[in-house]
Amino acid sequence: MATSTTAVPLEEAVTRRSEGQWAIVFRRFRRHRLAMFCIGILALLLLLSAATPLIAPYERDQPNLTGRFLTPLGVDADGGFHLLGTDHLGRDYATRLLYASRVSLGTAFIATLISSTIGILLGMLAGYFGGWVDTIISRTLEIVATLPTLLLLLILASILVQNINAVPLPSWGASLLAFIFAVSEREARIIFAVILVLAFFGWTGTARLMRGMVLSVRENVYIESARALGASNMRILFRHVFPNALPPMIVDFTLGVNGTLVAESALSFLGFGIQDPTPTWGNMLSYAQSYMFQHPWMPLIPAMPILIASIAINYIGDGLRDALDPRQRG
Amino acid sequence: MAGYLARRFLQMLLVALVAAICSYGMLYLVPGGPIDQLLAEQQNTGQNRITEDDIRRVRERFELDIYLPFRFTRWLIGWPAGPLPGGIGADWQVGCSIPGQVRLRYPDGRVEVVEEGCEVPVTLADLEGRKVSRGIVFGDFGMSQVMLRGRPVTDLIMTRLPYTLYLMGASILLSILIAIPIGVYSAVRQYSRFDYVMTTVAFIGASLPSFVFGIFAILLFSVLAKNAGLPYLPPGDAVGVRDYTIPWIGTVQAGSFLDRFLRFLMPCGVLTFINIAGWSRFVRGSMLEVLSLDYVRTARAKGVAERVVILKHALRNSLIPFVTLLAGILVSLFSGALITETVFNWPGIGRLFIDALSRNDYNVVMALLIINIVLLLIGILIVDILYTVVDPRIRLT
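Residue numbers (the working numbering), protein chains in the order written: chain H, 3 to 332; chain E, 10 to 406.
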């Protein structure tokens with residue numbers, strides 16, 4: 003009886019691969035039900051915006067002066083069905099909302115990608131090399147952090163959007179952005195200006211976080227061993243420091259996307275960001291506000307995606323934090 | 010301490026100067042800035058062809074004929090405004106009224122006119138008698154160019170400041186009064202149902218943009234309530250223009266106290282909600298930290314009543330980190346809430362900034378930006394000093 007209890011054959015026990023780091027993270031993340039649900043919602047939003055030109059029922063800017071302010075599920079004089087109704091110019095609200103998702107989400111992702119890259123690189127330099135590199139970067143950070151961000155954001159956006167020709171964007175870049183956002187090249191230039199402004203103010207938090215992470219990671223013994231084995235600075239930075247400092251950066255990126263999304267909507271809402279006829283959730287809401295007394299449903303339609311995307315991204319960030327760094331739970 | 014303060018003060022001046030230079034550069038040197046725009050405007054609206062005299066006048070009006078360093082110092086401290094004392098340097102050149110033009114003829118036949126040298130120089134003596142501000146350092150932010158043409162920017166700010174002060178003051182006070190009890194209760198009853206609800210509310214409150222809140226508030230309390238025949242709140246402005254009737258309350262006279270109060274409720278409510286969402290979490294966090302400390306356990310072990318432990322031993326110490334928020338509070342008292350004021354059409358400083366920016370009234374924009382930066386710097390300094398007062402363990406060196 004005692005001899006028959008071997009559960010796992012020895013061979014199998016040895017060859018079974020241990021679970022990788024990312025598999026563990028994913029397993030932990032899956033436990034966060036709300037975050038999983040939010041991933042689904044965000045994926046749906048991204049899918050819809052990716053498929054916008056295919057599924058949009060109408061032309062984006064096609065006005066219809068006889069069919070203005072149609073309520074959701076309304077039918078215009080020509081028998082056209084409007085799922086979410088029409089706006090003050092009779093443009094199909096559902097179509098514009100789809101294009102707006104593409105612009106708003108795309109802008110937020112690209113701007114955060116740029117600012118995170120800048121922040122991570124600068125934070126890595128400052129934390130790893132220390133000395134005067136650190137002094138310069140940290141002092142710059144401190145100064146930028148004392149500036150009133152929203153005011154400068156508005157001023158820069160206002161100046162840049164007024165002279166989009168001053169924005170340095172090669173024509174292939176304009177075409178690329180025009181393709182990504184499904185807009186004309188002129189509109190792409192304005193979007194690029196807004197992306198630049200948003201990215202310019204977003205990197206400071208990331209840089210500070212990355213600097214702190216690198217400061218702690220570089221004290222590890224494996225860094226010392228790598229150096230003892232003759233690894234170059236670049237190799238240590240990108241092979242050893244970067245991967246180990248990455249987890250909080252992923253959370254920071256997720257929350258950064260939300261921050262940028264909200265900032266972009268605020269800019270467009272206040273009239274200094276992306277301008278009509280390019281739809282964004284923010285500027286659609288701003289127009290809806292002027293008509294909300296006669297048409298109370300109007301502001302709800304662009305406000306809902308802002309609400310949903312923002313809460314979803316935040317919950318995903320929360321879930322990622324729990325999954326990536328269980329000690330930080332709080 | 011004195012040494013620290015002196016060093017910090019110098020640092021502050023340096024940052025302020027850098028900020029001033031950057032904002033000056035941003036607003037006055039960027040192509041398409043106010044000068045280019047006004048020039049373009051002048052050219053578009055002028056019926057006659059622009060003469061050289063016109064150009065000179067415009068250049069003089071916007072001080073384009075003075076070299077950049079001098080233009081900047083005139084803007085910053087109102088100097089130089091004329092020759093040095095004793096008439097020294099009356100003929101020193103500080104600018105150029107009409108630049109010299111050189112025709113370049115390229116071998117391929119192209120002709121290009123290039124500005125080079127100076128035909129009519131501007132000297133220090135020429136600056137005498139020209140209008141000059143006392144300099145922003147001395148609180149003279151120049152004249153408004155668009156919104157109230159020819160009136161000092163300070164006038165414009167002063168007419169808006171009271172609205173911002175009372176809106177922000179009231180909402181900050183309310184937020185503190187509500188957020189602290191909520192934070193304390195959440196911490197004491199950690200993981201209770203109340204705590205979970207507050208956590209969710211705070212999470213949503215912190216992740217949502219304030220304009221969405223504002224619009225939802227208007228939709229709910231103005232539009233839907235009015236349509237349903239319930240008492241509703243007027244959706245915008247600080248003072249009404251016309252009398253209106255509200256069910257159950259009756260006719261509200263425009264400009265009366267009731268009118269002002271009703272219009273004040275919604276923006277104040279939205280701001281307060283947003284503040285509470287953030288601050289109650291802050292209080293909860295620091296309260297939890299303090300509650301786990303040894304001296305709190307000692308107090309409990311000695312049989313001190315739980316009420317006293319929480320309110321006297323724990324709360325007072327848990328509010329110390331709250332002091333760090335004061336810098337932001339000080340600034341927001343002046344600069345208001347940009348977005349909320351815009352949503353509710355509240356005639357405060359935040360709204361002024363948006364209006365000035367959208368109408369390209371750059372002197373107003375500059376003034377607000379610089380006052381904001383300076384206030385923030387002062388606020389940070391005050392927080393540092395206050396910290397040593399409330400927590401004597403901290404020494405500034």
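Keep in mind that the hints were calculated from the coordinates and are not lab data. We put the beta carbon where it would ideally sit given N, CA and C, even for glycine. Treat each hint with caution, since some may be false.
Simulated coverage check for chain E against chain H, where a stretch passes if three residues somewhere in it have a Cβ under 8 Å from a Cβ of chain H [claimed, not checked]:
| hint | segment |
| --- | --- |
| 1 | 23–30 |
| 2 | 131–137 |
| 3 | 347–355 |
* Compare the structure with the hints numbered earlier in the document and write down the numbers of the violated ones, lowest to highest. => 2
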